[in-house]
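Engineer: Hey, can you work out the whole structure from these sequences and the hints?
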Amino acid sequence: MGLKNDVILQTVTKVAVFIILAFSIHLFIGGHHNPGGGFVGGLAVVSAFTLLLLAFDLKSLRAGLIINFEILAIVGVLIAVCTGMSSLLFNEPFLNQIFGTINLPILGETEFATAVIFDTGVAFAVLGTALSIITTISEDICKWRQ
Amino acid sequence: MSWLYLITLIPLLYAILVPLFYKYLPRIHTGWFVLPVPVVLFACLMKQIPFVAKGSPFVHTVSWIPSLNINYTTYVDGLALTFGLIITGIGALVVLYSIYYLFKEREELGNFYVYLLLFMGAMLGVVFSDNILVLYMFWELTSVSSFLLIAFWYQRKGSRYGAQKSLLITVFGGFCMFAGFLILANITDTFSIQQMIQHTDKITGHLLFIPAMILILLGAFTKSAQFPFHIWLPDAMEAPTPVSAYLHSATMVKAGIYLIARLTPIFGGNMTWFWLVSGIGLITLFWGSFSAVKQVDLKAMLAYSTISQLGMIVCLLGLGSVAMYYGPGKGTVLYLTAILAAVFHLINHSTFKGSLFMVVGIIDHETGTRDIRRLGGLMSLMPITFTLAIIGSFSMAGLPPFNGFLSKELFFTALLNTSQLEIFHLGKWGLLFPVVAWIASIFTFIYCMIIAFKAFMGKHYPHRLVKKTHEAPWGMLLPPILLAFLIIFFFFNPNVLAQYLIIPAISSILPGFMETGSIEPIKAWHGWTPELFMTMGVVGLGFVLFILLPKWSKLYGWLPVRITLNNIYDQALIVTERISERITRKYMTGFIRDYLSYILLFFVVALGGAILTLNSFTFNPITNSPIRVYEIILCLTLVASALLVLFARNRIVAIIGLGVMGYLITGIFVIFRAPDLALTQLVVETVTTVLFLLCFYFLPKMKKEISKLGFKTSNLLISLGVGFLVTIMALLAQGNRLFLPISWFYENAYELAGAKNIVNAILVDFRGFDTMLEILVFCIGGIGVYTLIKLQLTGRKNNGLKE
Chain W
1 MGLKNDVILQ
11 TVTKVAVFII
21 LAFSIHLFIG
31 GHHNPGGGFV
41 GGLAVVSAFT
51 LLLLAFDLKS
61 LRAGLIINFE
71 ILAIVGVLIA
81 VCTGMSSLLF
91 NEPFLNQIFG
101 TINLPILGET
111 EFATAVIFDT
121 GVAFAVLGTA
131 LSIITTISED
141 ICKWRQ
Chain F
1 MSWLYLITLI
11 PLLYAILVPL
21 FYKYLPRIHT
31 GWFVLPVPVV
41 LFACLMKQIP
51 FVAKGSPFVH
61 TVSWIPSLNI
71 NYTTYVDGLA
81 LTFGLIITGI
91 GALVVLYSIY
101 YLFKEREELG
111 NFYVYLLLFM
121 GAMLGVVFSD
131 NILVLYMFWE
141 LTSVSSFLLI
151 AFWYQRKGSR
161 YGAQKSLLIT
171 VFGGFCMFAG
181 FLILANITDT
191 FSIQQMIQHT
201 DKITGHLLFI
211 PAMILILLGA
221 FTKSAQFPFH
231 IWLPDAMEAP
241 TPVSAYLHSA
251 TMVKAGIYLI
261 ARLTPIFGGN
271 MTWFWLVSGI
281 GLITLFWGSF
291 SAVKQVDLKA
301 MLAYSTISQL
311 GMIVCLLGLG
321 SVAMYYGPGK
331 GTVLYLTAIL
341 AAVFHLINHS
351 TFKGSLFMVV
361 GIIDHETGTR
371 DIRRLGGLMS
381 LMPITFTLAI
391 IGSFSMAGLP
401 PFNGFLSKEL
411 FFTALLNTSQ
421 LEIFHLGKWG
431 LLFPVVAWIA
441 SIFTFIYCMI
451 IAFKAFMGKH
461 YPHRLVKKTH
471 EAPWGMLLPP
481 ILLAFLIIFF
491 FFNPNVLAQY
501 LIIPAISSIL
511 PGFMETGSIE
521 PIKAWHGWTP
531 ELFMTMGVVG
541 LGFVLFILLP
551 KWSKLYGWLP
561 VRITLNNIYD
571 QALIVTERIS
581 ERITRKYMTG
591 FIRDYLSYIL
601 LFFVVALGGA
611 ILTLNSFTFN
621 PITNSPIRVY
631 EIILCLTLVA
641 SALLVLFARN
651 RIVAIIGLGV
661 MGYLITGIFV
671 IFRAPDLALT
681 QLVVETVTTV
691 LFLLCFYFLP
701 KMKKEISKLG
711 FKTSNLLISL
721 GVGFLVTIMA
731 LLAQGNRLFL
741 PISWFYENAY
751 ELAGAKNIVN
761 AILVDFRGFD
771 TMLEILVFCI
781 GGIGVYTLIK
791 LQLTGRKNNG
801 LKE
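In the order they appear, the protein sequences are chains W and F. Counting in the working numbering, the first sequence runs from 1 upward without gaps. Counting in the working numbering, the second sequence runs from 1 upward without gaps.
Read the hints as simulated data drawn from the structure, not as lab findings. Bear in mind that the values here come from a model prediction, so they are computed numbers and not experimental data. The beta carbon of each residue, even a glycine, is placed where N, CA and C say it ideally should be. Watch out, some of these pointers could steer you wrong.
[Said to hold, decoys possible] The following residues of chain W were derived to be distant from chain F, with all beta-carbon distances above 10 angstroms:
# : residue
1 : 7
2 : 21
3 : 59
4 : 64
5 : 65
6 : 66
7 : 90
8 : 126
9 : 132
[As the list claims (entries may be wrong)] In the DSS-like style, the derived pairs of lysine-lysine whose C-alpha atoms are separated by at most 30 angstroms in a straight line are:
#  : chain 1 : residue 1 : chain 2 : residue 2
10 : F       : 586       : F       : 454
11 : F       : 790       : W       : 59
12 : F       : 701       : W       : 143
13 : F       : 467       : F       : 454
14 : W       : 143       : F       : 790
15 : F       : 459       : W       : 143
[Said to hold, decoys possible] Facing chain W, from chain F, some residues (calculated, C-beta under 10 angstroms):
#  : residue
16 : 764
17 : 775
18 : 783
Structural biologist: Below, the structure is given as structure tokens:
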């Protein structure tokens, strides 16, 4: 898949992908207090990669990203489950989240929450699953074309 | 002994280890690792005998699902202990026997012993559970493990047929029984059998008393292979012989008997119960022994003989239940004899039938056939096996000095007692019992003689056999020798058994009777009683008929094949299959749009019907905020883009129309100040549009479809109905507030979860479990797509995508 010679799209993509990725990281980290979170953050990354896929092709996407998306999805689910389980170790109910603030040198008073770890799992799972679906289908198309 | 409740779980847990033994220690026969389990359990249960014999049953409750009142209650009284000893005792012998019967090089021993232990645990669970739901669970588990064991040699067609037949029949009965259990539980408001027994008066007066009884009896009769459900047992003989000896003669088929005995305190004393149990038992007794004589396969003969003996025990339990009619008192000794005979014969049957099955297994193993037409003259080649066969079959025939003689005499006593009763129309029909049973005993005698002599006497024809015959290895002979020893031991010391096992068992079948009545000690010699004359008649007439067998065996050919039960079963199976196939073909068209219309139609009918019948449509717009101009514009564009999708000529236009709708909804989220939703919707819409475009490649060109008017109208109606209904429901949701708004729970999200974004706090903290399961489902969906595409079979070109 991919429009091989679309110079404008490719040039714009090269810049836009980084903007989208930065935005998605912002969405992910800011999710606790502002709109966003793991799910949207993960999906935004997916859209960035999808844009790459459309502008270039699957091969270059695979060359740039040496991540196995299926495994990423499974790791995400496992992270989510494990954070849930870890609260059992402290004799708390399953998936109990805690939070607290730490004074960091530059950032000042910063909040940390275990929910972030859980959210990371969510983001990974969404990212991995969505990308694995998209790449699998487009790979199939490539095969089908030949 | 407080850990006795674990006894049912030990075989089940041990079964997990068996595949490891099989895989990592292949040089040692896996059976040696399994053997300790039944031996240890048997020893533990033996230690329990003195406590139970004193009349103090072992009770232990572990709460399992307390909200549903399902407790894992272990209740070990005399009856349960008797069964438990048979299960573990015969189990130990069978495992030992199987070590020599199954070759470790050829057979899937791991599977075999896992199934066997699964069965052992399940069967112990059946007899030790007081909670009927737990009992039912284990009951079905025995059916499943029996199915797996019968189909152990699944390469054979007969094995698969037999396994399916046994499963269909026993599970049918199991379901009926479950319904009966639920009725009982509904009446008494408890799942505990012992508590039900205390509320017997509530049950007997209830309207559903008879249906519950019949349903439960169906379960018991199918499991215990009673007429007309006995047809599965001969086919179950396709299983390896250790399995037949264990499941299909000694233990599993007695589960029905256990159930009848266990529920006698509830149902006993009722006329319907009496006639159903003893009548069916009597018919089975006769039919089993009558059919056994015509068999040529030794194992089939034993199967029919098992059916007949089971019928006899069931019949005795029915006769004994009369005691409940009279209540505890002086005259009860008459009925106690029937129960005594039942329990005694239950134990005896396990010993002699177990040993006979093992003997037949030895013959099969050493000669390669079980066909009595090909066997003969084995006496000199296998002297020990011959002796064992004589002991087993003479005991079954009811000859002294073997334990079968004692229980047979008691059986006749019970029958003669019953024929003199005046209740339950017995004055008119009572004589039927001794007469039919006596005739059945003659047939029993004949087939016992066939088993004992046909294979061993006569001339030996080595050329008819596959193998060169010699005596079996000691490991195979030891288990039947032990059983034969018990057969003789019980004849000379029946009262040891009576004191420690039978009388405690009777007091749990007929609670409260043993305190007032007493049982005479079992004796071999009673003087010249009618029972003795009956036995002599059986022996005399039976022997003559056995000699003349070739002359009259043609009689069996007269029964037309078409009305045999087996044929009816086969035909019923074929017909049901055909009908269900026809029905399935009708609605499984293979078109997704058809399935979609079923789903939507169901939605419209169920929800629309609910709204109409409950007349719950209320719409109250007063509390709504005024509609703004943005909303009107957004909605109008939404409608326009929906229409665009509907009337698009080109597929890409339709996809773009759908995308526009998604983005417009994002706009609605924005003006209603739901930024999280808007963000998510925006990204999801983008990604799905890309997905659509990817799939676009595979979709056929959109073309004007020419379809019938009826098809179009029905589609139109369904789509209009769905649209209408969704609108109605959206309006309805406005006016009705049945529950507190959940947003109240999350008002203090910042204090509880440290999050200013309430949506995120809900997602990761308050309802984190939901999120976790959602991503799990999402991931599973992704794996589904991945496997569907990546692992598709290579025969794609002929699979229709190109056409």
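Engineer: All hints are to be evaluated individually against the structure, with a verdict given for each.
Structural biologist: Here is what the structure says about each hint:
Residue 7 of chain W, annotated as away from the interface, keeps every beta carbon of chain F farther than 10 angstroms; the closest lies near 21 angstroms. Residue-level check passed: residue 21 of chain W sits 13 angstroms from the nearest beta carbon of chain F, beyond 10 angstroms. Every C-beta of chain F lies more than 10 angstroms from that of residue 59 of chain W, the closest at about 16 angstroms, which supports listing it as non-interface. Interface exclusion of residue 64 of chain W from chain F stands, the closest Cβ pair being 18 angstroms apart, more than 10 angstroms.
The claim that residue 65 of chain W is not at the interface with chain F holds, since no C-beta of that chain comes within 10 angstroms of its own (minimum 17 angstroms). Every beta carbon of chain F lies more than 10 angstroms from that of residue 66 of chain W, the smallest distance being close to 18 angstroms; the non-interface claim holds. For residue 90 of chain W, the non-interface assignment is confirmed: its Cβ lies about 16 angstroms from the closest Cβ of chain F, beyond the 10 angstroms cut-off. Residue placement check: residue 126 of chain W does not keep its beta carbon more than 10 angstroms from all beta carbons of chain F (closest about 7 angstroms).
Remark: the non-interface label on residue 132 of chain W conflicts with the geometry, its nearest Cβ contact in chain F lying 5 angstroms away (cut-off 10 angstroms). Using a Cα cut-off of 30 angstroms, the hinted pair residue 586 of chain F and residue 454 of chain F is violated, with the two alpha carbons roughly 56 angstroms apart. About 17 angstroms separates the Cα atoms of residue 790 of chain F and residue 59 of chain W, which keeps this hinted pair within 30 angstroms; it holds. For the proposed pair residue 701 of chain F and residue 143 of chain W, the alpha carbon gap of about 20 angstroms is at most 30 angstroms, so the pair holds.
This hinted pair checks out: residue 467 of chain F and residue 454 of chain F have alpha carbons roughly 19 angstroms apart, not beyond 30 angstroms. Of the supplied pair hints, the one linking residue 143 of chain W and residue 790 of chain F holds, its CA atoms being roughly 11 angstroms apart against a limit of 30 angstroms. For the hint linking residue 459 of chain F to residue 143 of chain W, the alpha-carbon distance of about 73 angstroms lies beyond 30 angstroms, and the restraint is violated. The criterion of a C-beta within 10 angstroms of any C-beta in chain W is met by residue 764 of chain F, whose closest approach is roughly 4 angstroms, and the hint holds.
This hint holds: residue 775 of chain F has a C-beta 4 angstroms from the nearest C-beta of chain W, less than the 10 angstroms allowed. Below 10 angstroms, beta-carbon pairs count as interface contacts, and residue 783 of chain F has one with chain W at about 7 angstroms; its hint therefore holds.
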